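Read off the chains here:
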Amino acid sequence: MSQTDKILIKNGRVIDPANNVDEKADVLVAGGRIEQVGSIKEEAGKIIDAAGMLVVPGLIDLHVHFREPGDEEEETIASGSAAAVAGGFTSVVCMPNTDPAIDDQPSVEFVHRMGRQARKTFIYVMGAITKARQGVELAEMGLMARAGAVGFTDDGAGLQDTALMLRALKYASMFDVVIAQHCQDDSFGTAGVMNSGYNCTILGLPGIDPLIEEMMLWRDVQLVKRANVRYHAQHISTAGSVEIIAEAKKKGLPVTCEVTPHHLLLTDDAILDYDTNFKVNPPLRTAKDIEALKQAIKDGLVDALVTDHAPHLQSEKELEFLSAPFGIASLECALSLYVKALIEPGVVDWSGLISLLTCRPAGVIGIDKGTLSEGAQADITIIDPDAEYTIDRETFVSKGRNCPYHGWDVKGRVETTIVGGEIRFSRG
Amino acid sequence: MAKNSKLKWNRKHLLGIRDLSAGEIEFILDTAEGFAEISTRSIKKAPPLRGKVVVNMFFEDSTRTRLSFTLAASRLSADIIDFTKKASSVSTGETLIDTARNIEALGIDIVVIRHNAGGAPKLLSRNINACVINAGDGFNEHPTQALLDVYTIRQAKGSLKGLKIGIVGDIAHSRVARSDIWAMTKLGAEVTLIGPPTLMPSCVDRLPVNVCYKLDDVIERLDVINMLRIQFERMGKQQFPSIREYSHFFGLNVERMKRAKGDIIVMHPGPINRGLEIESEVADGKNSVILKQVSNGLAVRMAVLFLVNQAAMREAKSRKK
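Heads up: the protein sequence lines correspond to chains B and C, in order.
Heads up: the first sequence is residues 1 to 428, going by our numbering.
Heads up: the second sequence is residues 1 to 321, going by our numbering.
A portion of the hints provided could be inaccurate.
The list that follows gives simulated cross-link-like pairs (lysine to aspartate or glutamate, EDC-like), each with its CA atoms no further than 16 Å apart [said to hold, decoys possible]:
#1 K340/B / E388/B
#2 K317/B / E94/C
#3 K317/B / D98/C
#4 K85/C / D61/C
#5 K157/C / E26/C
#6 K6/B / E43/B
Read the hints as simulated data drawn from the structure, not as lab findings.
Keep in mind the model is a prediction, meaning the values are calculated, not measured.
Please work from the sequences and hints to get the whole structure.
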């Protein structure tokens, strides 16, 4: 290892929540690993002056849709990966609702391979719980786990059959994986396109009752009591879901949950003009739900912040609100959104925010990442906490332009992203 | 033509009633009164839309509304194109915007649109230059129906101020109910929604209305009763056990009418399910204004076509300057 391969990040504020570190320090990277954190005199081939910057473990997003295979016109693993590092994410977990679904060993290997070829961010995969995400037959979770799948979900839909869900939980318990659920009870009907409430009434659009999410989450918590396996509630959006999670955690059940930026920043008031960029599932809820989610984050009940980055073609988002697809693309501006939602109103401090984007999500999927411990893989994100800018979706490297935050003035921006000891993104 | 000449109509689109002021609604009604007279002439035609092209874009079945708009446009001497297509719920095929842009490329002035998706007319208005008139979108609004309803009430009762109006039936899936609620309450009426809880929209308590689950509790107090059609095609899952049971609690029959005020007017947006929400004797009885509603619809739609076109021409002129 020659000095020229080394990277020295000097004078930054190092925030490493897993190690209770929040101090001014230098970070030395060598051989793809964190060699040292502290006051470092050594020379290095590459020196990054991080004065005024935050130096944090590489960010982890447990919930992205990179659309490959099947919908490469919306996003590819390559374009999504480039967007990820531009957003400071050194690891992302791809959801299996592609076409065909990621529901067997070769398809898991395919996603991993495309991720390696893109050479941007680390790509992890959650496989489908059931074949083709049909909710009928179990997929080969064991073989997928052996190929590296970190968990399983039929995301995009909830697993309706209660007995099958229990079997999936029990079966998966013999592998070290997490079963994740997009909580949505279809027995209420599947026609809804926005939160059920006053706004859906005056807009004449079919509603999605908060109960649709809460009923399945509640059911799953009961099932988890019977199966010794980690369970993760994806993108929870309602005050009622927060109560169910709080209760489950109080009982000591292995239940975790995640929250998106849009469920922290936007309410269904945003839909009053039928702008389909605000059409997302679970739908945007109310100010009361936002308050409950923020309080849950404050109370430590939320384990991960995730984007649910869901790129769609502009031509599809130009359809009628009833017909347009659900989803928001936000990977590149996510950090700024979390700053707006959580730091600016004082819900959490920087250390609290970074833990929800690093060590805590790493714990949810059980990967050895999300820290700046000496010897750890060198995934590092450098953030300018004071940088102010206007979100411009036209500058995204993601193919997704369905970003409702276009034109927002925000603060806090990713400057450099180091993945496995290589600088994979550097602004300007 | 309008009594209140101070107010000007400035909208080139009529997308819904919710955004309109009471003054704007009255302005349309006053304008419609002027046009009603045309239908009594031996030569039923006036020239204000001569040389203008109106396209009826109907993505949902309709007989009376489309006929009414067609006739209204032809009375005003416009050329009319009919475009009928089943709306596609999937993203394949031509999108609404593409369809509209193509039709607009033919040179049209006013689009009358009916669509199964709430908000479709608004989407259209953002993407084309022609005037857009909403002829019913999903269960959002049906503004010309509400206008002809309040026109008919005003004709029968003089004014809506203080009137007690009942709207009976499937409120949740009714665009007529939504537009009626806005129009009637803006003009000063007290509206009561009557129907089973499963057919009430969410957060109904936040609408400016009363809610009642028993028609028998309020029938005696009503000045106007508007019986909505049970729309089986829109309701989705079963919202009440049977038609028989529904009729028993919410049907307007001869027995119930005996308890109503002598001068109550009975309305229905059509088409009627005879014997279901309303008995034939009542639908055809002396209190019924159902056919008047249809005739008045013509005058109201003439007024709307006339006014949006005028606003568009004003806008075009000011842009030239």
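Structure-based check of each hint:
1. Between the alpha carbons of K340/B and E388/B the distance comes to roughly 11 Å, so the proposed pair stays at or under 16 Å and holds.
2. Restraint check for K317/B and E94/C: satisfied, since their Cα atoms lie roughly 14 Å apart, inside the 16 Å limit.
3. A hinted pair counts as satisfied when its Cα atoms are at most 16 Å apart, and K317/B with D98/C qualifies at roughly 13 Å.
4. Distance hint between K85/C and D61/C is fulfilled; the C-alpha atoms sit about 9 Å from each other, no more than 16 Å.
5. Proposed proximity of K157/C and E26/C is supported: the alpha carbons are some 15 Å apart, at most 16 Å.
6. At most 16 Å may separate the alpha-carbon atoms for a hinted pair to count; K6/B and E43/B meet this at roughly 8 Å.
Checked against the numbered hints given earlier, this structure breaks none of them.
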